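Student: For reference, the chains in residue letters:
There are 2 protein chains.
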Amino acid sequence: MSDVRAAQRGPAPRGADSFLRMWRELLPVGREAGAAGYRRYAWSEADAACRAWFQGEAEARGFTYEVDRNGNQWAWLGNPADGDVVVTGSHLDSVPDGGAFDGPLGVVSAFAALDELRARGSALRRPVGIVNFGDEEGARFGLACVGSRLAAGQLTPEAARELRDADGVSLPKAMERAGYDPDAIGPDLERLSRIGAFVELHIEQGRALDLSGDPVGVASAIWPHGRWRFDFHGEANHAGTTRLEDRHDPMLTFANAVLAARKKARLAGALATFGKVAVEPNGVNAIPSLVRGWLDSRAADEETLAAVVEEIECAATERGHRDGVGVTVTRESFTPVVEFEHALRDHVAKLLGRPVPVLPTGAGHDAGILSASVPTAMLFVRNPTGVSHSPAEVAAEDDCLAGVTALADVLEGLACP
Amino acid sequence: MSDVRAAQRGPAPRGADSFLRMWRELLPVGREAGAAGYRRYAWSEADAACRAWFQGEAEARGFTYEVDRNGNQWAWLGNPADGDVVVTGSHLDSVPDGGAFDGPLGVVSAFAALDELRARGSALRRPVGIVNFGDEEGARFGLACVGSRLAAGQLTPEAARELRDADGVSLPKAMERAGYDPDAIGPDLERLSRIGAFVELHIEQGRALDLSGDPVGVASAIWPHGRWRFDFHGEANHAGTTRLEDRHDPMLTFANAVLAARKKARLAGALATFGKVAVEPNGVNAIPSLVRGWLDSRAADEETLAAVVEEIECAATERGHRDGVGVTVTRESFTPVVEFEHALRDHVAKLLGRPVPVLPTGAGHDAGILSASVPTAMLFVRNPTGVSHSPAEVAAEDDCLAGVTALADVLEGLACP
Chain A
1 MSDVRAAQRG
11 PAPRGADSFL
21 RMWRELLPVG
31 REAGAAGYRR
41 YAWSEADAAC
51 RAWFQGEAEA
61 RGFTYEVDRN
71 GNQWAWLGNP
81 ADGDVVVTGS
91 HLDSVPDGGA
101 FDGPLGVVSA
111 FAALDELRAR
121 GSALRRPVGI
131 VNFGDEEGAR
141 FGLACVGSRL
151 AAGQLTPEAA
161 RELRDADGVS
171 LPKAMERAGY
181 DPDAIGPDLE
191 RLSRIGAFVE
201 LHIEQGRALD
211 LSGDPVGVAS
221 AIWPHGRWRF
231 DFHGEANHAG
241 TTRLEDRHDP
251 MLTFANAVLA
261 ARKKARLAGA
271 LATFGKVAVE
281 PNGVNAIPSL
291 VRGWLDSRAA
301 DEETLAAVVE
311 EIECAATERG
321 HRDGVGVTVT
331 RESFTPVVEF
341 EHALRDHVAK
351 LLGRPVPVLP
361 TGAGHDAGIL
371 SASVPTAMLF
381 VRNPTGVSHS
391 PAEVAAEDDC
401 LAGVTALADV
411 LEGLACP
Chain B
1 MSDVRAAQRG
11 PAPRGADSFL
21 RMWRELLPVG
31 REAGAAGYRR
41 YAWSEADAAC
51 RAWFQGEAEA
61 RGFTYEVDRN
71 GNQWAWLGNP
81 ADGDVVVTGS
91 HLDSVPDGGA
101 FDGPLGVVSA
111 FAALDELRAR
121 GSALRRPVGI
131 VNFGDEEGAR
141 FGLACVGSRL
151 AAGQLTPEAA
161 RELRDADGVS
171 LPKAMERAGY
181 DPDAIGPDLE
191 RLSRIGAFVE
201 LHIEQGRALD
211 LSGDPVGVAS
221 AIWPHGRWRF
231 DFHGEANHAG
241 TTRLEDRHDP
251 MLTFANAVLA
261 ARKKARLAGA
271 LATFGKVAVE
281 PNGVNAIPSL
291 VRGWLDSRAA
301 DEETLAAVVE
311 EIECAATERG
321 HRDGVGVTVT
331 RESFTPVVEF
341 EHALRDHVAK
351 LLGRPVPVLP
361 TGAGHDAGIL
371 SASVPTAMLF
381 VRNPTGVSHS
391 PAEVAAEDDC
401 LAGVTALADV
411 LEGLACP
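So the protein sequences, as listed, match chains A and B. Here my numbering is used: the first residue of the first sequence is 1, the next is one more, and so on. Here my numbering is used: the first residue of the second sequence is 1, the next is one more, and so on.
Careful, some of the hints might be misleading.
Claimed, not checked - Short derived list, chain B residues pointing at chain A, Cβ under 7 Å:
1) D97
2) H225
3) R227
4) A236
5) H238
6) G240
7) M251
8) V258
9) L259
10) V279
11) V284
12) N285
13) A286
14) I287
15) P288
Unchecked claim - Ranges between beta-carbon positions, derived for each pair:
16) A:A396 <-> B:T328: 52 to 60 Å
17) A:H321 <-> B:E176: 35 to 43 Å
18) A:H321 <-> B:G269: 24 to 32 Å
19) B:T328 <-> A:L244: 21 to 29 Å
20) B:E32 <-> A:G153: 35 to 43 Å
21) A:E318 <-> B:G413: 53 to 61 Å
22) B:A306 <-> A:A396: 45 to 53 Å
23) B:E162 <-> A:L244: 29 to 37 Å
24) A:R161 <-> B:D183: 29 to 37 Å
25) A:K263 <-> B:A184: 53 to 61 Å
26) A:E158 <-> B:P28: 33 to 41 Å
27) A:K263 <-> B:C314: 16 to 24 Å
Calculated directly from the structure, the hints in this document are not laboratory data. Please read these numbers as outputs of a predicted model, since none were measured by experiment. Quick reminder that beta carbons are idealized off the backbone N, C-alpha and C, glycines included.
If we strip away everything but chain A, and leave its shape as in the complex, we get (with noise of 0.2 Å):
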């Protein structure tokens, strides 16, 4: 249908050069002269500039470039009305202070491989799209994937309509600022019924692919996962008049909190975690009136996960009893365990053309939104550090290419057969 070969302009670049220039140019976007990593919240000036880039991308490979109405960009090679799209991608935004691949490598790996298929002299039979979900991260509004759950009608655009940022800045006026229309956001089914199969390609987030020593794996399934509000509600007081046993000092059933939350996920072999704290009135000489925590736990299924969470609130109710603090408990997102089609999966793995890993992940992904819409694989790269959310988060050049290699020869497998 589309020949990669005639849509693009001027010389072709193997892939590896191209991901190195797009690499180098990306890299000093969104972090600041001093700032410990990246931050580029989605609507902000540096979201802008990433998008900025894309565009540009896209619009130098000659590819048709679009904004879906919840804001997420894409670049089509060949008709996507025509149906049964290729569509890679991943997503640009990062968490606060964060590091240079989670996200970026997706999407730069993507342009990468389709000018490593173009060099290659590949003929494409199906359309290809590269796509660049907005606001993944949920550092800005606090919910995760946000792009791709509006698509997929997983967020209903009221819903979104009231996320605020710490500032008290709506979702819509935040989007409006970055010149984007907050009244278009709503479930986009029609897209998504068109792609056939989308690939997406991430750093992995541990270490197994580091311990097995392979550069290159694919996802069997994402852990069920969901953050939880425990709010932690005191009495303010004066820290140096207060007697010990006249106080109600939320901090303290906070600080037990955090510890139960460890021990609970280690006994069960989940993950639990507090990251996230806000205190009212934070004042140094100052008992606190409110200590707010937020949880984030994850397992291998939803029984399990629903069981340190509820091990986790029980101890926090107790220890509020002796503090005479209370503990409101508030579920604020969840995501279901999900298992990537396994058929489009082995394609994949049997793509790769040797035997890789298949890994389950503890992080939630655009793909696995996607998945409950769209056949949906992933493909991850060593990360020798296994550190992510930080930019001690690393993958080695030769791993970034062999990746770039794996995404084209899925490809090609797939939109080429």
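Use these hints to put chain B onto chain A, whose structure you have.
Tutor: Using the frame of chain A, we list chain B on its own:
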């Protein structure tokens, strides 16, 4: 030397009437709609409004109004250059979401007590001053009693210029923006040397007067106290992918320190509180790289205080070894024990005309800072909740007026012997 009748203009309000009028007028300042309490931070707009109120009250009475080199406000009745001045007053700033009484009760009562003396027709034989010390609470820059510390030479201008608020604004910049000259700050010992007695009236920050059934008491001593910053250095990582055994999670070490602080304080009969926390990056799905907790600790004597803080530090460091988390502890401030001068204390108690409780307090005050340079005493007014640094702190109207009468009696006894 001065005659209060001659120096004041207009009709003579009784202390009670003028107290209630001033209290009503000051009450709305610095309390925004929807806020949990007062936010009268040093050099803020709310602070400026409080200062304008002070200047207005001073000038309406024909007192000589003056701002010293450190931004403390003074209102003089008589010529302070004559020496042996009797000074009263307190502060007008607040902790975050603080109550209405801590500070303002002492300043409003000071003006009202002089109105009362005028109504009594008392002839002052010593100059009298009213002071509003700047930045007593330290809510913005993390160090309490900045105005009195600078004046008494207990804080160097160099160290003061290094102070920064949570937004990175330095103290000099904040003073400049508020219209004050930060180059002028420094010791003001000649001014202090002219003060023969300083009497600060303050709401009690505990329940001792409530338990004894007295509206007013006299301070015996201020417990030694200090602030220590605990930095817990971990490693940022993804909360959904990092195995528990690979983590260096500083939130765990912090949580353990919070519980250890309570336990060590309880065993020693001391106070220890973590009321302020800062987390980096503070993302819901990110293991923190850094948790900062500020410890406020106080005890009846300095040996006990040092021992408690050392025990908390040891417990934190030990747990840090288990968590793979580095712990550094920085003493940000320390105020030794203050024994108020016994002669003035006993004189003040005698002037009240009846036996009153003589109480220690765990809270720091400008009176404590000044006591190193000046004979100093404090009066406390009953607080039936015992709550402080919160909108729940309260004194009954009758008790406030009893405080005005007590302060008037003391000033009369000191200045009109």
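Student: Name the hints, by number, that the structure is in violation of.
Tutor: The structure breaks hints 16, 17, 24; every other hint is satisfied.
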